[in-house]
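Heads up: the sequence lines are chains A and B, in that order.
According to the working numbering, the stretch in the first sequence is residues 2 to 450, in order.
According to the working numbering, the stretch in the second sequence is residues 4 to 278, in order.
No lab work stands behind these hints: they were computed from the structure.
Glycine residues also receive a C-beta, built at the ideal position from the N, C-alpha and C atoms.
Where hints are given, some of them may not hold.
Claimed, not checked - Covered stretches of chain B, as calculated for chain A (at least 3 residues, CB under 8 Å):
no., stretch
1, 173-182
2, 241-250
3, 257-271
What the hints assert, rightly or not - Distance ranges between label pairs, derived from CB positions:
no., chain 1, residue 1, chain 2, residue 2, range
4, B, Pro109, A, Pro198, 44 to 50 Å
5, B, Pro109, A, Lys110, 43 to 49 Å
6, A, Leu211, B, Pro109, 34 to 40 Å
7, B, Glu73, A, Arg234, 54 to 60 Å
8, B, Trp125, A, Lys326, 55 to 61 Å
9, B, Leu67, A, Ile325, 40 to 46 Å
10, A, Lys326, B, Pro109, 35 to 41 Å
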Amino acid sequence: MDAKDILGLPKSTHPASQEKKSRPLKESQRKPDGISREVYALTGGVPPLMPAVEPLQLKKRPPTDEKITWQWLPFTSSARKDNLQLYHWVIVVNGIPPTGDYSFAKYNKSVDVVKYTDEEYEKHLTDDMWTKEETDQLFELCQQFDLRFIVIADRFSSSRTVEELKERYYKVSRSILIARAAAFPGNVSEHPIVKEPYKFTQERDRKRALSMVLSQTKHQERKDYEVLAEAKRIAESHMAARNAKESELLVTFTMDSERAIVFGETLSPPSNSEFAPAMVAHSTSMAENASTLVSLRMLRVYLRTYALDQMIQAASSSAGLRTIKRVEQSLQELGVNLKPGVPTKAVCAQHLDLRKEILTLLNLQKQLQHKEAEGSSYRDGLYETPGTPKDRTFVPECTSSTVDLIYIHWMSGDRVGKRDQKRKALGRAEAPSLPAQSKRPRKLRASDL
Amino acid sequence: MNNSSSSTMHGPDQPEISGPAPAPKSLRTKMGKPEDSEKKIFHKKLKDVEISVPIVYGNIAFWLGKKANEYQSHKWTVYVRGATNEDLGVVIKRAVFQLHSSFNNPTRVVESPPFELSECGWGEFEIAITLFFHSDVCDKPLNLFHHLKLYPADESGPMSTKKPVVVESYDEIVFPEPSEAFLARVQNQPAVVVPRLPAGVALPPPVPVEDPSNRKRGDTKDHPLCQWFTNFSEADELLRLATARQQVQTHIAKFRREITLIEGQHQQVNSVSDQ
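Throw the hints in and build the complete structure from the sequences for me.
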């Protein structure tokens with residue numbers, strides 16, 4: 002306003018036009034449809050953000066042709082036998098009240114309790130433990146309370162347990178049914194009461210057991226659990242002992258036959274240290290073999306490929322994952338399928354033996370690397386102390402030949418070329434443990450062998 | 004049959020077979036009742052004798068070409084056959100093929116050889132084949148799994164209705180402790196590989212089966228698809244394995260030599276430094 006004063010603009014026209022604008026605006030705002038002005042004002046005078054229910058829909062209802070009124074009318078129910086007159090609100094359509102029974106009467110179900118005559122009682126149902134009055138009372142209560150025995154037991158005059166009441170009731174019903182069936186030919190054997198008679202002792206024990214379980218303290222629960230676990234362990238150890246005994250027998254048998262072959266196969270000059278671990282390894286592997294054989298025999302039927310897998314697993318159980326991968330790599334390089342294409346008995350045996358031999362080879366390789374490491378530590382010691390020239394000539398010789406065996410080539414010499422480069426890197430990566438490597442590694446070629 | 008069988012039954016009883024030795028009298032007197040003696044050998048099992056049945060299982064699938072529609076583009080047959088195309092019915096009682104649940108009645112039972120199943124479809128899935136054996140063979144069934152292959156490995160070539168896609172696997176069913184009855188029954192059957200019996204074990208002569216001409220032939224030698232069957236031979240594999248083993252053994256020997264060499268040198272070094 003002051004700015005306009007400063008600018009010297011006429012201000013007379015503006016207020017007038019503003020008033021005119023605001024008034025028509027307000028009037029248009031004041032035009033809600035369907036709801037009254039005050040109610041609309043409750044929302045803040047602005048239409049709500051969310052689409053509300055159209056006010057037009059609220060008041061409208063499908064116009065019916067029928068005249069509907071509600072009336073307070075009496076009704077009867079077939080479930081009641083006492084002619085009690087009750088009233089309720091009833092919808093009356095076009096002046097016609099609804100007909101039919103009370104809609105909830107159909108839910109009034111009851112049990113068919115057997116009703117015996119005095120004659121029948123005399124004939125079939127007399128019992129030492131029960132008088133006629135008691136039996137009659139029992140049946141009356143059963144009828145009244147729809148066989149809710151806990152209530153019946155509570156209401157029963159003399160103190161009888163629920164099981165006793167049940168027994169009496171079912172015994173009587175059963176006898177009556179059978180007696181009546183005898184008179185009028187009919188098959189009652191399918192009737193549940195006849196088919197499954199009530200067993201008093203069984204029920205009593207069952208309930209007692211249940212209550213015991215329910216009332217077990219935490220301490221008892223834990224003890225039970227421990228006992229069960231112990232029993233399971235004992236059973237399993239029995240099974241294991243039986244298996245072990247069988248495999249032991251097998252091992253002793255196979256050991257005897259295998260020993261001859263082992264002795265025949267040794268190529269290298271016998272050195273005691275080498276022999277003993279080899280034998281130990283052999284015997285443990287044979288034990289594993291024997292146990293797989295036993296487990297296979299227990300199967301009664303199996304596939305050759307499955308058997309081979311089991312034996313391979315047993316043989317490589319001592320080897321790590323990396324070693325297994327190296328075995329598979331070696332197999333591939335040798336041109337042998339990882340899974341034999343024609344797994345006959347002979348092929349599987351050869352395959353298994355080949356895998357075992359490759360494992361042996363890899364172990365020897367590792368052994369060699371360790372020896373080499375030892376050798377280098379010796380060498381370091383020697384270089385520090387003044388040693389005789391004789392020592393120095395020996396040591397470099399052995400390093401040059403052993404370091405070359407870091408990686409094995411299966412291929413013939415002419416194909417070595419390019420692959421050498423890749424192999425060299427792999428070879429280095431695989432043998433990081435070698436501390437002192439000779440400066441001029443000469444790759445071992447297959448032609449060297 | 005009876006007299007001779009009873010005499011051979013007693014001889015080898017003592018050393019090898021663990022089981023009650025039948026009383027001689029009872030067998031000889033019951034001449035007219037072979038079932039008793041059969042029942043006895045039913046239960047007796049032979050250790051150290053392993054019966055194997057070489058089988059080939061797989062599928063052959065033909066593209067239907069012009070007649071193919073969206074839901075049935077191939078006609079395929081999955082089967083289990085003897086490796087030499089002999090009749091497997093002497094061992095296998097029935098085969099159950101469990102197909103993909105989208106098939107009608109996915110559990111298909113084949114009661115007699117040749118154990119095969121043909122269907123039309125478009126999808127590849129794993130089929131579980133359960134083999135049930137005769138009662139004297141084994142009471143436990145055996146499961147095989149085969150992945151149905153319809154489409155050729157290289158997708159480049161045009162599909163032909165004449166040349167099917169064939170995927171077969173070789174395997175052998177092994178019975179480690181066969182009953183005598185089983186052994187007796189199959190000792191002359193070509194589908195079964197029976198090893199030489201250990202010394203001293205003799206079997207009763209096989210009970211004659213029903214007239215073979217009455218039964219429907221169960222072998223697959225003249226099967227309509229037999230031209231596509233793979234011939235599995237172990238010779239090539241054995242050769243490669245032998246060569247590989249040779250190489251490995253040579254390397255082993257070399258390593259062993261090297262190790263002993265180093266050990267010798269270490270000992271020398273030790274003795275030198277001790278001085």
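Review point. Can the stretch 257-271 of chain B be counted as covered by chain A under the rule of three residues or more with Cβ-Cβ separation shorter than 8 Å?
Key: holds (count 13)
Distance restraint hint 55 to 61 Å, applied to the beta-carbon atoms of Trp125 (chain B) and Lys326 (chain A): Hint violated: Cβ distance 38 Å, outside 55 to 61 Å.
Outcome for the supplied range 34 to 40 Å, where the beta carbon pair is Leu211 (chain A) and Pro109 (chain B): 44 Å, violated
Verdict on chain A covering the stretch 173-182 of chain B, where coverage means 3 or more residues with a C-beta closer than 8 Å: Since 8 is at least three, the answer is holds.
Given the range 44 to 50 Å, decide if the beta-carbon distance of Pro109 (chain B) to Pro198 (chain A) lies inside it. About 46 Å separates the Cβ atoms of Pro109 (chain B) and Pro198 (chain A), which means 44 to 50 Å holds.
Tell me whether the statement that chain A covers the stretch 241-250 of chain B is true, taking a Cβ distance below 8 Å and needing three residues at minimum.
It holds: at least three residues are needed, and the stretch 241-250 of chain B offers 8 whose Cβ sits within less than 8 Å of chain A.
* Does the Cβ-Cβ separation between Lys326 (chain A) and Pro109 (chain B) fall within 35 to 41 Å? -> 39 Å, holds
Is 40 to 46 Å right for how far apart the beta carbons of Leu67 (chain B) and Ile325 (chain A) are? 45 Å, holds
Tell me if the beta carbons of Pro109 (chain B) and Lys110 (chain A) are separated by a distance inside 43 to 49 Å. 45 Å Cβ-Cβ, so the 43 to 49 Å window holds.
Task: Beta-carbon spacing of Glu73 (chain B) to Arg234 (chain A) - inside the hinted bounds 54 to 60 Å or not - done: 59 Å, holds
In terms of the numbered hints stated before, the structure departs from hints 6 and 8, listed from lowest to highest.
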